[in-house]
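Residue numbers (our numbering), protein chains in the order written: chain H, 1 to 150; chain D, 1 to 311.
Keep in mind that the hints were calculated from the coordinates and are not lab data. One thing to keep in mind: the hints can contain errors.
[Stated by the list, open to error] If we take Cβ atoms under 8 Å as the criterion, some of the chain D residues that face chain H in the derived model are:
1) Ala115
2) Gly135
3) Ala286
4) Lys290
Note that this is a predicted model, so its numbers are computed, not measured. For each residue, glycine too, the CB sits at the ideal point set by N, CA and C.
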Amino acid sequence: MKELKIQPIKNGTVIDHITAGNAVKVLHILGIPTSSSSTVSVAMNVNSKYGKKDIVKVENRELDPYEVDKIALIAPKATINIIRDYEVAEKHRVKLPDEVIGIVRCSNPTCVSNSREPVKSRFIVLKKDPIQIKCYYCEREPEDIAERII
Amino acid sequence: MRMNFKGKDIISIKDFSKKEINYILTYGKKMLPYAKGEKYKDILKGKVLSTLFFEPSTRTRLSFESAMNRLGGRVIGFADPGATSQKKGESLADTIRMADSYSDVIAIRHPQEGAARLAAEFADVPVLNAGDGAGRHPTQCLLDLFTILTEKKKIEKNKVILLGDLKYGRTVHSLAYALSLYDVDLTFVSPGTLKMPREVIDECKRLGVEPTQTSSLEKAIKDADVLYVTRIQKERFPDAEEYNRVVGVYKIDNDLLKNAREDLIVMHPLPRVTEIDPGVDKTPYALYFKQAFNGVPVRMALLSLVTGGEL
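The task is simple: from the sequences and hints, build the whole structure.
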């Protein structure tokens with residue numbers, strides 16, 4: 001019998017197919033666990049038929065799939081599964097929004113969004129595959145997005 | 001067809017379609033006799049322009065002020081941020097909120113890229129970007145296009161060389177993009193360390209223009225219609241050694257121009273240091289002082305359009 005590395009959850013959200021190694025950044029983007037008192041389990045480098053992946057399980061909390069879309073920046077293949085009574089009640093594949101606010105720091109050190117002005121970083125999504133984003137303020141296009149998560 | 005620009009911010013040339021750019025340039029032509037003082041109409045009477053210059057400027061600030069005055073408007077502002085509350089730690093956002101309540105239109109120059117876009121977020125009145133760091137300078141771009149249009153009668157099909165600091169130069173980034181809207185033949189000439197950034201070249205290609213890149217000016221100049229020279233900007237270099245290696249690599253003088261076509265025009269956003277020999281100034285090639293004057297009719301057109309006080 002196949003051994004389960006993480007126990008199934010009764011109710012909550014499972015984020016599956018996260019790019020291997022990025023689970024902690026995904027939690028950071030979603031503000032978990034600081035924004036939540038739910039039990040959170042993380043599995044990293046899990047073998048799957050598509051290679052290694054990370055998985056995050058948040059118990060007793062249904063994340064809004066559209067709120068979770070922003071993780072598509074670093075985990076474009078992730079799926080959001082809403083679990084109710086051990087069953088997958090809803091399944092949603094992340095879809096990058098047209099604008100990403102307050103998640104990525106601009107790679108330009110002299111961009112006004114990196115100063116002490118009362119604004120959040122803001123990026124326009126130019127292309128979704130491969131992901132290409134442009135700073136709303138200085139128009140710089142960062143290449144190493146995963147390294148620039150705030 | 002009449003276009004409505006009232007209340008619009010002028011932050012990046014990329015915010016405008018070719019149609020809109022053409023409209024502004026055509027309107028700029030109408031402003032020429034008013035810019036020269038041959039005609040007068042106070043269409044901006046009662047309007048106040050704030051000029052917030054957090055970085056040094058001669059032409060941009062003076063031509064904005066001249067443009068406003070020539071149309072009967074008034075100007076408030078500063079050219080030395082050391083004499084403002086910024087010195088006490090005030091944020092740009094707060095300074096903008098103040099200027100917004102004191103005036104009908106704001107022109108801002110700031111050392112940080114994206115500052116004008118931020119200003120536009122905090123101001124209800126229109127904001128004109130007068131240069132943000134190494135970023136954008138759309139009014140310069142428009143006056144450059146205006147100069148080519150008025151001298152060559154059209155922008156399309158000209159062979160244009162952009163020369164010098166193509167890496168840090170804000171005017172050449174905007175200009176390369178804008179010229180690509182017009183199907184020109186673009187050549188970028190620079191030292192190897194100051195090449196045009198990849199994203200600018202990609203943008204030109206996306207618009208259907210395949211720029212030629214070279215470090216040899218002598219070869220490129222032979223059949224050029226426009227030579228756009230830029231200063232190697234010491235203030236943009238992260239280290240002095242890199243600057244010293246490239247300063248003075250290109251020099252435009254009458255010897256070099258012997259190889260050029262008779263109707264070549266030499267442009268420069270100014271200030272120049274050593275890149276154009278003063279001996280060129282009195283030749284028919286030299287367009288840079290007229291180009292600087294063209295800042296007045298173009299900025300008159302913009303001020304008039306965004307405040308709704310049209311001719």
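Here is what the structure says about each hint:
1. Ala115: Nearest chain H Cβ about 5 Å off; hint holds.
2. Gly135: holds (5 Å)
3. Ala286: violated (32 Å)
4. Lys290: violated (30 Å)
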